[in-house]
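Enquirer: Please model the entire structure based on the sequences and the hints provided.
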Amino acid sequence: GKAFTISYGTGSAKGFLGQDTARFGTTSADLTVPKCTFGQATSIAAFFKNDVIDGILGLAFQALAVDNVKPPFIEAIDQKLVDQPLFTVWLEHEGNKENVAGGIYTYGAVDTTNCGSVIAYQSLSSATYFEFKMTSVSLGTYSNSKGWSVSTSDDKSLLVSHALSLYM
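Residue numbers (full-length UniProt numbering): 1 to 168.
It should be emphasised that the hints constitute simulated quantities derived from the structure, not laboratory data. The hints are all genuine.
Listed next, the in silico DSSO-like pairs over lysine-lysine satisfying Cα-Cα at most 30 angstroms (straight line):
1) LYS80 with LYS35
2) LYS35 with LYS70
3) LYS2 with LYS49
Expert: Here it is, written out as structure tokens:
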């Protein structure tokens, strides 16, 4: 396939593009997406050298993808394999433990088992990063309604702004 190179916050990866079926989970009942184009890394950042991983799967938008490759979850939406064009991330803090589930991704629906019943949607600033406008924040007796443009990541409980960082 065609060669690719990508740089990200923790390093870079390079390899070639291929096409296969992607499965989000371990059983045939899990979300299975045929005809996904993805990067097959032949070299990956030293940052990951001690991690037991097979690769990195992006859940961001196509505008951020190398060579405009359609991300697997967007492919699932386009192939109408999910009920809704959303995913839920539930993260459980377990500390530094091995072989312990750290959370659950629910594709195409809201995780009603682990997430509360109050769901609020906020429009994204653009279809690139998961960035949106946060109008106010309060914690205990502190409150501020200055407003920020923030982004969140699906791999940690974190909101980041140029002037504000909140760990949840």
